[in-house]
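Per my numbering, the very first residue in the sequence shown carries number 87; after that it's consecutive.
Derived by calculation from the structure, the hints in this document are not laboratory data.
Incorrect hints may appear among the rest.
Claimed, not checked - What follows is a set of in silico ranges between Cβ atoms, one per label pair, in the way DEER data are often shown: (1) Arg116 to Gly211: 24 to 34 angstroms; (2) Arg121 to Arg268: 44 to 54 angstroms; (3) Gly408 to Arg145: 37 to 47 angstroms; (4) Asp330 to Ala120: 34 to 44 angstroms.
Claimed, not checked - Here are the simulated EDC-like pairs of lysine to aspartate or glutamate, each with C-alpha atoms no more than 16 angstroms apart in a straight line: (5) Lys346 to Asp193; (6) Lys150 to Asp322; (7) Lys346 to Asp322; (8) Lys150 to Asp99; (9) Lys346 to Asp254; (10) Lys346 to Glu370; (11) Lys346 to Glu273; (12) Lys336 to Asp322; (13) Lys336 to Asp195; (14) Lys150 to Asp105; (15) Lys346 to Asp195; (16) Lys346 to Glu374.
No residue lacks a Cβ here, since even glycine has one placed at the ideal position from N, Cα and C.
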Amino acid sequence: MTALSSTVHAPLDTPQVLDRCRALVRPALRDAVARLHPWVGEMAAYSFGWCEVGGAPARASGGKGVRQALAVLGAEAAGAPGRAGVTAAVAVELVHVFSLVHDDIMDGDPARRGRPTVWSAYGTGPAVLAGDGLFALAVQTLAETAAGPEALRLLSTALGDLVHGQADDLLFASRPWTGPRRVRPEEYRAMAEHKTGALLGCAAALGALLGGAPPATVAALDRAGRQLGTAFQIVDDVLGIWGDPEVTGKPVHADLRERKKTYPVLAALGSPLPAAGRLATLLESAGEPAEAAALIEKAGGRSAALSRARRCVDSAEAALAGVPLEGRAAGELRSLLAFLVRRDL
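Could you put the whole structure together from the sequences, leaning on the hints where they help?
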């Protein structure tokens, strides 16, 4: 159990919900990718884990499908059948993978989920092209719907926020650990809402829009998804320092070894406790990650991160409670929220 467990509902069979939504979306997503230029389509399929370099079938993990589930459940929460949210799910998943392809290029990451990244496998130029193709396909997918203009407005807002968050994230790396230019926890929280939360909110909102929901419901689901994304990112930060490698797929203290400015670190550095000063000295000298993790905990960084994630969960719950939603889908949305923030901390 974690510090979040008192504030979230006991999950329903959330993995089954994710599986159901992925199965509903998968054929349409594959049909969409098949519209791309064959070479670009192969790189796109590779990025989804569907094939190896050269096109041979693969069985790589394609992720949990959270955004797909949010879009399908958004439509169902509006009282429409889940298939009404499939187009939204396809568009948002295309944008999500586009962002990962370009993110890997910007970060210079050679691997993702145990496989070479697209740029590492195909080259930087081709990977940029693949990302561009995915983005263009997402826009085309929504433009062809009856709600095209409003759907594209929602997507463009989310994309603008995603770019804003990515820019801040890149700039944070060059800022000092301490002093007036240090990154403060609230700056990080805003970055996480933009970079991670915006697309989750867009998925739920687009599903609701295409499901015929009124504007208030669309806006509420957008808010809930954004708060979910922020909580998810902060919990991910906690896992990046203290998580079980068998669960996270990363070495112990991975984020500290990479000197990432994550929420627990920034919260600890802002603490008045003596451990904060020792932590700052250690970080500025690139000290031992295990010692840094202990100092972050002593300075309250872990508890502060979980507390902030809990407040984000509460905000997401409040957004869902503020509008009428179809009962079963609303329950599954709340279960999904709980599932994503109650990972094995």
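Item checked: Agreement of Lys346 and Glu374 with the hint, judged by alpha carbon distance not exceeding 16 angstroms -> 14 angstroms, holds
Margin query: Against the 16 angstroms threshold, does the CA-CA distance of Lys150 and Asp99 hold or violate the hint?
Written below: 14 angstroms, holds
Check: Would the pair Lys346 and Glu370 pass a check requiring their Cα atoms to be no farther apart than 16 angstroms?
Finding: Holds. Lys346 to Glu370 sits at ~13 angstroms (cutoff 16 angstroms).
Next item on the list: Assess, step by step, whether the Cα of Lys150 is no farther than 16 angstroms from the Cα of Asp105, and give holds or violated.
Entry: The given pair, whose Cα atoms are some 8 angstroms apart, holds under the 16 angstroms limit.
Check: Between Lys346 and Glu273, does the CA-CA distance stay at or below 16 angstroms?
Finding: 15 angstroms, holds
Notebook entry, point to check: Between Lys346 and Asp193, does the CA-CA distance stay at or below 16 angstroms?
Noted result: 12 angstroms, holds
Notebook entry, point to check: Given the hint that Lys336 pairs with Asp322, does the C-alpha gap stay at or below 16 angstroms?
Noted result: Cα-Cα ~11 angstroms, so holds.
Margin query: Checking one constraint from the list: CA of Lys346 to CA of Asp195, max 16 angstroms. Satisfied?
Written below: 14 angstroms, holds
Check: Between Arg121 and Arg268, is the Cβ distance one that fits in 44 to 54 angstroms?
Finding: Given range 44 to 54 angstroms: holds, Cβ gap about 47 angstroms.
Notebook entry, point to check: Okay, Gly408 versus Arg145 on CB: inside 37 to 47 angstroms?
Noted result: With Cβ atoms ~42 angstroms apart, the hint holds.
Margin query: Given the hinted pair Lys346 and Asp254, is their Cα-Cα distance within 16 angstroms?
Written below: Roughly 13 angstroms between the alpha carbons, so the hint for Lys346 and Asp254 holds.
Check: Is the Cα-Cα distance between Lys346 and Asp322 16 angstroms or less?
Finding: Status holds; Cα separation ~12 angstroms.
This entry satisfies every hint, going by the numbered hints stated previously.
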